[in-house]
Amino acid sequence: MAFLLEGFQTALQLHNLFFAFLGVVIGTAVGVLPGIGPMSGVALLIPVTASMTSGLNPAQAATSSIILLAGVYYGAMYGGSTTSILLNTPGESSSVVTALDGYQMAKQGRAGSALAIAAIGSFAAGIVSLIALVLLAEPLSNVALKFGPAEYFSLMILGLAAVSGLAGNSMTKAWMMTVFGLLLSTIGLDSVSGVARFTYNISFLYGGLEFLTVAVGLFALGEVFKAILHNEQNNDGIAKIGRIIPSREELKESTGPIARGSLLGFLVGILPGAGATLASFFSYMLEKKISKHPEKFGKGAIAGVAAPESANNAASGGAMIPLLTLGIPGSGTTAILMGALMMYNVQPGPLLFDEHPDVAWGLIASMFIGNIMLLILNMPLVKIFAKIIETPTKYLLPLIIAISIFGVYAVQVTTFDIFLLLGFGVLGYLLAANDFPLAPLVLGLVLGPMIENNMRRALTTSNGDFFVFIEKPISFVLLIAAILWIVVPFIMKLKGKSVIVNEDM
Amino acid sequence: MVRKWVSWLVIGLVVLIFSACGSSSTTKEANTTTKASEKLNYPTKPIVIVAPSGAGGGWDLTARAITKVLSETNLVKQTMTVENKPGGGGAVFMAEYATQDTKNDYKLFVNSPPIIINNLKAEGNSPFGYKDTTPLAQLTKDYGAIVVKADSKFQSLAQLLAEIKRDPKSVTVAGGSAPGSMDHLVAILPIYKSGIDPKMVKYVSYDGGGEAIAALLGGNADVIATDASSVGEYVKAGKVKVLAVSAPERLGGDLQDVPTMREINIDAEFTIWRGVFGPKEMSADAKKFWEETFQKLVENDQWKQELEKQGWQSDYKNAEEFTKFLQEQETLISDMLKSLGMHK
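Residue numbers (the UniProt record's numbering), protein chains in the order written: chain E, 1 to 505; chain V, 1 to 344.
So here's chain V without its partners, still in its complex pose (with noise of 0.2 angstroms):
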């Protein structure tokens, strides 16, 4: 009888949690391959699309989305799962991508400004960044904002710089992540082209966005740096304002109104693309496969869709120009993070 009873209970949880676990996965079953690659020996097994974050943030987002619309409409006929390997902010992830998986084509992963960052920076480093992998595509794009509080006493970006110069412990700012990492970038990057000292500035590191954003709410940071993206609907309701945006010309919606840095004689931008990497030594075939199926998803009309239901930007790069985007993305950050004597 009790005996009876384990093994059902045992069934029962091996069940259970297969449906849990299985169910991401049930998209189509595993086929032959694609007709784009009928002359390619690629893909023949599942593929594995890893966000190196928890479930839930912008990566996470990224990945799903990709899969989701890749399958669908049968661009890749293989099984396409997301994994999520949370950790030190990509670097967990990457040391393991790195050293075991430099010839798994099946193993690719989404990343964003964070994988230049995490290489240069002294604290926390990853001893692995882009040159580790080979960039396949670069898929989208947001752009930094600063933003403050509806009725604050700072209505222009030029007065609350004048502000920071007069005196810099007047002022909190703050972000959703660590000193070093990409709000805080975004945060100090105006204030250090205008000639401040970066390193007087008072900066919070909050756990995320959206605690950010409570905080400015609440009056405990006077100015917050974030995601263009996310502020949309603070803007709309008249909670907030943004002085600026760290985009090359001014975006559309409810930004529509928010000068440029470059605008207000500030030399600066900073954009925060999304793309997807692949392993370092890709096979030719591989490559070239995620080549097309990229340049066909950025035309379709349903990823079309996804990207307006997340609110973000299309800016699509293949693999060569994002490859020597990423180049040029390395010289800048870590110029700035020599400013900020937080270079390795």
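Chain E on its own, in the form it takes in the complex (with noise of 0.2 angstroms):
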């Protein structure tokens, strides 16, 4: 505690809240942009703060540079909800979700409320994950390296079993797409045997197919075809906002969502390489899972946007944990950040704490206040980007285009993924005409990889014997919690309860 009052006296110095500030503010804006993702904002910011901070001891540097960088990085979480909400146009992968209801809600003229409700959950969940940082780092740090591939895997077979959760009116359908997204995870260079996989020796596929490129290609271009092709510009274009200040019953919906997505994302974000999107994903599964009207997910319902913000935003919170403590990153954003300190010769790792105390400290301490300035920062701007929507078809749809194009190229440069952005909007428009949800096959994209190379790694270790998955008790559970979530449903049918499982509503 008294180390966290020494934060605080480090991040209260005057130049040290500026650089929050200015940190918030940058971050803020490299997630509104689509393409400039934190990992992007925070790399291209690093020479610019260490010739910003040239002046001070390095000490010093080392601790205002890397307040600065941080707030870039969960400012861009904040910032990433508003083009999903608006635009249907996610700005960076961990705010893909968000745009399933967010957009909905925009179109009902409820853009305000889901901007609103997106900054305050933002705010609640980095509140949460920073206490739990404060009071939790070692032992969870702890229970986060015990996290081994078959504990890896059976989460992302939950995660699997939970897409229910994504469906519309078709589970079939859903677990088409799953399945398809699947399959595409499968191109490029496997990363546990090397082996080259559907790429026809085109070296841009050894890479495999970019996360956001697909889902800004299926989100919105679909939508923008759809648009076009449909002639929406007479209803659609001048939705009315309504209040920006959302209601006290849609406060009181949220409150459960940010609460739960917090603690989700959280833990969560502990685990190096799952992150904040798995966070928004699970997290909004989980809501509509428990929710009393899962009919309203999909059409605009708050919780769908309250609890995957929260929950990606806590993520940020819960991955400062294995770098803080162990030097580990957990995420690309994180990986560059500890590059940053490296860069002042401060080394992340077990000895973070004991050796610089001054650099962990004041970072956990400017990550409060940061916090504070940014739901001051985007409580007002929400006023100012609500009206966005209601720019005219005409200029609006170019303007989404323009966005996404540029923002695709930002981050692959290579107009390679151009194509497979346009191709995928395509795509996006004729199976979201055809009544197939999207938001599966984004999941099985990102959680392909990631269940093959456990599996794979698992069983590598055990040589070969699939009992590794039911002895190792954290696996376990998970599996058995996922084979419940698919059978329960099914059994309550049968009893004669009215739940989805299969078409129509």
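Treat the hints with care, as some may be off.
DSSO-like, lysine-lysine: derived pairs with alpha carbons at most 27 angstroms apart [as the list claims (entries may be wrong)]:
id, chain 1, residue 1, chain 2, residue 2
1, E, Lys146, V, Lys169
2, E, Lys387, E, Lys299
3, V, Lys149, V, Lys193
4, V, Lys85, V, Lys141
5, E, Lys252, E, Lys296
6, V, Lys107, V, Lys324
7, V, Lys153, V, Lys165
8, V, Lys280, E, Lys146
9, V, Lys241, V, Lys103
10, E, Lys146, V, Lys239
11, E, Lys299, E, Lys146
12, V, Lys141, V, Lys45
13, V, Lys165, V, Lys202
14, E, Lys394, E, Lys383
15, V, Lys141, V, Lys324
16, E, Lys146, V, Lys149
17, E, Lys146, V, Lys241
18, V, Lys153, E, Lys146
19, E, Lys146, V, Lys45
20, V, Lys324, V, Lys199
21, V, Lys103, V, Lys309
In case anyone wonders, no lab produced these hints; they're calculated from the structure.
Reconstruct the complex from the two isolated chains, following the hints.
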């Protein structure tokens, strides 16, 4: 605790407040713009912060620049929801699910509520995960380490079983899309054996299909094509923005999802390699499962925005735990943060809290301050952003196309990915027009490599013995949960209760 | 009203995008030529150094360190920027570079042993190798390390090898990269050199060195192979023990007590070198300029500080020495891949 207070002293110094503020402002912008995700945002800013802090002594410079860079990181998590909600164009992979209900809310004129609840949820989650980080960093990092390939595999299987949470009208179609997603995920160099699959010696395919390209193509461009072909501009473009501040009822509806999303997101975030994207998917599916009105999801349920947005923010807090306590980056962005620390001769690792307490605690304290800044910053912005929805379709559609193409090119820097984007746009339109849900495909694409690699790692370790998955207690529990998730609705249906199992609702 | 809004929005977006993208390149203004190259007709335009990977990795950090020091010390007065070209462990970038940029004197790139490995291995093969480039200089080196948990039952490499020989299925070896890539070769090298069939070894690949260390600490791997420079902190904290390094002589610092493979009678050595390459048909002027510039860079104090910060060891080879070294490396790596049955 004394350390935390000292951390606050560091973080409340005027220049550090300024750096935190700058970080969160840039982060918000980075999050709003598709293409420049948190990862490239942080990477681009490393050289800039280096020259900005060059006047300070090395230890202070390290603290200040890491405060700024971390600000960009969680600022981007706040901002990421904006384009998902307003334009159905996810700014980064962790806000793909937010588009499902967020965009529907915007269409109904509830963009203000959606954006506000995303900001509030992000704030609550940020604070929850920070408190957990302060209190539980050490024991949790040890638990995270125990999560081996077998446990990861079972967790991902649970994620797949939960895919019903993303289904629209038909479970069959949802499963078809999941399998299609899994198939697409096998393209590229297999990272376990190094064998090239479905690459046809095209070097662009060695790395597999980029997740964000596929998601933006399916969701954003698919929607644009639909709008053009169905001439929706009359009713769609002038959707009235309702109130900016969510109603008391909406707030009440969101409390549970925010709390659960924060907790779940934090736990998933701690696991190296799982990350914010999975956290957002998992929390969305959980909310739909336990909701009293699962039929509202996908049609503008506020819980469908609150939960994933809380989860992805909490995950970014959780991801700091393995980074700070063990020097193990859990995601691409934390890997870059680690690189930045090393540039200042601060080696993240098991000794960070002992050797550089000022840096570690200063950073944690600044994250508290940064989250408060973000809430204050984002609430007025909601009003401004929400107006985007009033833009007439004839301007909005070209804008979405431009943003999508720019965003994808900015990340991949290949024209190949632009063609891929267009291809998935057409596919997204065709699938959506025939009532195939798109989210399961995207989930399959994320989960595919993780399921496969972890299963093979586990089996290599156990010399091919499949019992490894049920011998490990955590893995066993997760598998049981996955089976129940699928089986329980069938049993309930047999008992005559009305639940969604297959076809029709 | 609405129209005004849209135009403001667009302007705002454009400004943000440019400020975000341009920020890394706002170093010095494009000046005329450098003093050293007054006789040379190079460089007259901004220069790009490509890291053929995502941001944050070893190639990226190397490229950024080079550009930072070269522009801050005015060794290069033209603007220098770093570009990331991820994909296929560098293969995606090579395919483009070796076909479209063969005469582009203003685009250099950073690479390490994978430029040879990718070219030789059977799966995920890159048809282009170092022979499709002009090697300019080797700047740094690192070594492989064989690492176990501090409380592991293996307290020496000899013990570990004996156990693998006795029952290869009982030991899980892990690394941060795919089979046939660098970590795998580092792990396999001592095993192969001590007469065990490397195909018998149980090798599990993780996504990156960080995940591999996590697997080791969590007890999901018995031994891992990784870069020697990245394990120092874990050794200091008493979490891991390094059994051997693939260096010709002992390293300093936290690893000073770690024997080399040679010391324990295993005839193995593997250097993780990093260097800079130019296009195959680089003009004589450009080549001369970079040879002189890198020579000055390695003597520069700021560069030495930068190396220390990053924990890299300096190991400079000029273009000629580097090219010769690459030939030797190709033979060595080729032999190893053949022994693994992974040669193309």
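Structure-based check of all given hints:
no., hint, verdict
1, Lys146(E) to Lys169(V), "22 angstroms, holds"
2, Lys387(E) to Lys299(E), "21 angstroms, holds"
3, Lys149(V) to Lys193(V), "23 angstroms, holds"
4, Lys85(V) to Lys141(V), "22 angstroms, holds"
5, Lys252(E) to Lys296(E), "16 angstroms, holds"
6, Lys107(V) to Lys324(V), "23 angstroms, holds"
7, Lys153(V) to Lys165(V), "16 angstroms, holds"
8, Lys280(V) to Lys146(E), "49 angstroms, violated"
9, Lys241(V) to Lys103(V), "48 angstroms, violated"
10, Lys146(E) to Lys239(V), "15 angstroms, holds"
11, Lys299(E) to Lys146(E), "39 angstroms, violated"
12, Lys141(V) to Lys45(V), "30 angstroms, violated"
13, Lys165(V) to Lys202(V), "12 angstroms, holds"
14, Lys394(E) to Lys383(E), "22 angstroms, holds"
15, Lys141(V) to Lys324(V), "16 angstroms, holds"
16, Lys146(E) to Lys149(V), "14 angstroms, holds"
17, Lys146(E) to Lys241(V), "19 angstroms, holds"
18, Lys153(V) to Lys146(E), "19 angstroms, holds"
19, Lys146(E) to Lys45(V), "53 angstroms, violated"
20, Lys324(V) to Lys199(V), "31 angstroms, violated"
21, Lys103(V) to Lys309(V), "35 angstroms, violated"
Violated hints for the displayed structure, listed by number in ascending order: 8, 9, 11, 12, 19, 20, 21.
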